[in-house]
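Following the hints, put chain B in place on chain A, whose structure we already have.
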Amino acid sequence: MIVVKNLNKAYGKKDNLFLALKDVSFEIPDGSTLAIIGKSGSGKSTLMHIMSGLDHPSGGSVVIDDQELHAMKSRAMDNFRAKQMSFIFQSFFVEANQTCYQNVMLPLEIAKVPRRHRKDMVLKALKAVELEDKVYNLASNLSGGQKQRLAIARAIVNKPKLIFADEPTGNLDSTTGDLIMSLLFGLNKKLGCTLVIVTHDEELASKCLTQIRLKDGSIERMSKTKESRKK
Amino acid sequence: MYYTDILRRSSRSLKSAKARTLLTALAIAVGTFALTMTLAASNGAQSYVNKIISDNFDPAELIVAKDQTVFQSGDRTKPKEYDSSFVSSVSNAGATTQTKRLNDEDLAKIKSQPDIEQIRLGTSVNLRYITRSGQKKYVGTAQGFSPAQNPQILAGKIPKPLNNKNILLPEAYVSALGFSSPNDAIGKSVTLVVSRPFSESTVRSLAQNGTLDSSKKIESAFDTATLEQQFIIVGIMKKPMSSQPGTELYMFIGVEDAQVLNDYATLGTADYHKYAFVYARVKDGNDNNKLLAAKKTLQSAEYFVNSVEDTQKFLTQIISVLRGIVVAFGMIAIIASVFGIVNTMYISVLQRTSEIGLMKALGMRKRDIGKLFRFEAAWIGFLGGIIGSLSALAVGTALNPWITEKLDLGVGNKLLIFRALQIIILIIILMIVAILAGLLPARKAAKLDPIEALRTE
Chain A
30 MIVVKNLNKA YGKKDNLFLA LKDVSFEIPD GSTLAIIGKS GSGKSTLMHI
80 MSGLDHPSGG SVVIDDQELH AMKSRAMDNF RAKQMSFIFQ SFFVEANQTC
130 YQNVMLPLEI AKVPRRHRKD MVLKALKAVE LEDKVYNLAS NLSGGQKQRL
180 AIARAIVNKP KLIFADEPTG NLDSTTGDLI MSLLFGLNKK LGCTLVIVTH
230 DEELASKCLT QIRLKDGSIE RMSKTKESRK K
Chain B
24 MYYTDILRRS SRSLKSAKAR TLLTALAIAV GTFALTMTLA ASNGAQSYVN
74 KIISDNFDPA ELIVAKDQTV FQSGDRTKPK EYDSSFVSSV SNAGATTQTK
124 RLNDEDLAKI KSQPDIEQIR LGTSVNLRYI TRSGQKKYVG TAQGFSPAQN
174 PQILAGKIPK PLNNKNILLP EAYVSALGFS SPNDAIGKSV TLVVSRPFSE
224 STVRSLAQNG TLDSSKKIES AFDTATLEQQ FIIVGIMKKP MSSQPGTELY
274 MFIGVEDAQV LNDYATLGTA DYHKYAFVYA RVKDGNDNNK LLAAKKTLQS
324 AEYFVNSVED TQKFLTQIIS VLRGIVVAFG MIAIIASVFG IVNTMYISVL
374 QRTSEIGLMK ALGMRKRDIG KLFRFEAAWI GFLGGIIGSL SALAVGTALN
424 PWITEKLDLG VGNKLLIFRA LQIIILIIIL MIVAILAGLL PARKAAKLDP
474 IEALRTE
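As they're listed, the protein sequences go chains A and B.
Using this note's numbering, you'd call the opening residue of the first sequence number 30 and step up by one each time.
Using this note's numbering, you'd call the opening residue of the second sequence number 24 and step up by one each time.
This is chain A alone, in the form it adopts within the complex:
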């Protein structure tokens, strides 16, 4: 369970004070999907950064599985992110000069997963995104869709509880984007991880169990699907 409570984020001081988030609160259950939508500058990326511990709130808290994220010390926070969280970005951020295998290995190295388990985990992750035939190919030789699939394999390899996807289809054509989303939602169901998607795309957002629409840093509207309400 992720509990976001009275979250505030302010930039600047006194006269130049800008509130990026204003009293944002919500809860999402484990294994759920959440879409954070809104226009540019609405605060959706700031919310994702604070939820993932990359940024600190000016007030309020994020509690994940009864652990208050921002109360953790730096080392514990890094460990938590290495073992429980993962990211997918619009720009993929795959290492072009490294093979698919080496790219997917990165989170396992950071999390200090024992070496004997690594190969198996990497191959399984690549198989899950249907890149098993590209294991030793350089990432630079992949298409945009394949790169994003590679980024997804990297995101799921360590079996995180929480995946943050920042505009995951933003750089893809609609057909590839659909394929990627069906892959992500499929993995969400299969692996039971919580998926938080930051997007402009209303259609993509509508596929998530919970949608939060932000406007000027505040929740303008929060909607849940029937399925979500059942959860």
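Since the hints were derived computationally from the structure, they do not count as laboratory data.
This one's a predicted model, so the numbers in the text were calculated from it and none came from an experiment.
Accuracy of the hints is not assured; some may be wrong.
Once the Cα atoms are required to be at most 30 Å apart in a straight line, the calculated DSS-like pairs of lysine-lysine come out as [what the hints assert, rightly or not]:
id	chain 1	residue 1	chain 2	residue 2
1	A	K141	A	K219
2	A	K153	B	K38
3	B	K467	A	K102
4	B	K160	A	K102
5	A	K112	B	K180
6	A	K51	A	K219
7	B	K160	B	K180
8	B	K470	B	K38
9	A	K42	B	K389
Below, chain B without anything else, positioned relative to chain A:
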């Protein structure tokens, strides 16, 4: 992250920018090349000096003199008070110097020291000439043979002790004196001739006889004041691999025989029975403590004393100074290359900003990010070290025979001696220097804000 993972990842990062890595490493390689060559040349020179010392000196002997300047030390700028023991000598450079000499009284005094086992004179005699029947005359120098000397013998052998008018000749005299081969010379005799300088009374009598009115007559007068001695060749020495420079054509005879010739050649002169230095053999002198004790005793008797080790130190002093100068230049090259590493690492941080952001987002610790970049710098240092030292090794190995020939070092001697341990230490130092150069860029990488970094395309 495990060290091995960081190490592997840093090497992969360097591979992805091969040209940049190689160029930076080459800058370090230039300094490494200079330093490896310097160390090798220094090793070679040191080894050459050690060989000269071990082939010519007995470590149990002390060199004893009455004048400090014999050992190239002491203050030469102050006037020296006269006493009758001063003798003039002309150096190779032509300068005339006056040095106090030891006399027979001193020899007796030195010999009477309880620690001293034996005294040996380092007599060398300037021959008027050496010849044999029907052959040309050649100038030369005969020296009293020291048992510590170890010349390589081409033919014959060295009798122990060398005395009784036996002589060891350098191979250069074999054909000059008309022998067909070194073996042909063994057992044959040669004539050594020394002349006595004119004393005042001799000049007077020659003048009264009218002998000094033409140069021809003066020449023949010289020939009358000579001592001729026949010596039997017992050994032919190979061109020495290691000898004191200028002594390559020395011929060796027994110490007593040398003394007889020297006495004849110096009788009536200030040099007669005067010795710049003598060798004093210390009882159990191979024990350094006993050698030092004997040295102290002689010093307290107001003699100036050098051990073989002191001589060695003096000879290596100049090598050390030259080595220091070249090492300083090498270090300057390394320091210059440090800026190259700093630049390369900064570029690397800038180019990989998004990668750093991703790694931080995935939970990589600041410390590990810093290590990743420091290890990259260490790899560059390692690569530069390997390229530089291997190039030096290849060039040095190829040039060694040519240098040996040009410098006439003798077969078996090398100017450039490479030592694996020195090269390994040099590479480790370079890696440390590279890590230090990578500290600031690594710190920048570690401190990057992941959110800002992830915004970089």
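Hints and how they fare:
Distance restraint check for K141 of chain A and K219 of chain A: the Cα-Cα separation of roughly 25 Å lies within the 30 Å cut-off, and the hinted pair is therefore satisfied. Taken as a hint, the K153 of chain A and K38 of chain B pair is honoured in the structure, with Cα atoms around 27 Å apart against an allowance of 30 Å. Between the alpha carbons of K467 of chain B and K102 of chain A the distance comes to roughly 22 Å, so the proposed pair stays at or under 30 Å and holds. Our distance criterion of 30 Å between C-alpha atoms is broken by K160 of chain B and K102 of chain A, whose separation comes to about 97 Å.
Of the supplied pair hints, the one linking K112 of chain A and K180 of chain B is violated, its CA atoms being roughly 83 Å apart against a limit of 30 Å. A C-alpha spacing of about 35 Å is found between K51 of chain A and K219 of chain A, which places the hinted pair above 30 Å, so the restraint is violated. Between the alpha carbons of K160 of chain B and K180 of chain B the distance comes to roughly 25 Å, so the proposed pair stays at or under 30 Å and holds. Between the alpha carbons of K470 of chain B and K38 of chain B the distance comes to roughly 24 Å, so the proposed pair stays at or under 30 Å and holds.
With a C-alpha separation of about 28 Å, the suggested pair K42 of chain A and K389 of chain B falls inside the 30 Å cut-off, and the hint holds.
When each numbered hint is compared with the structure, violations occur for hints 4, 5 and 6.
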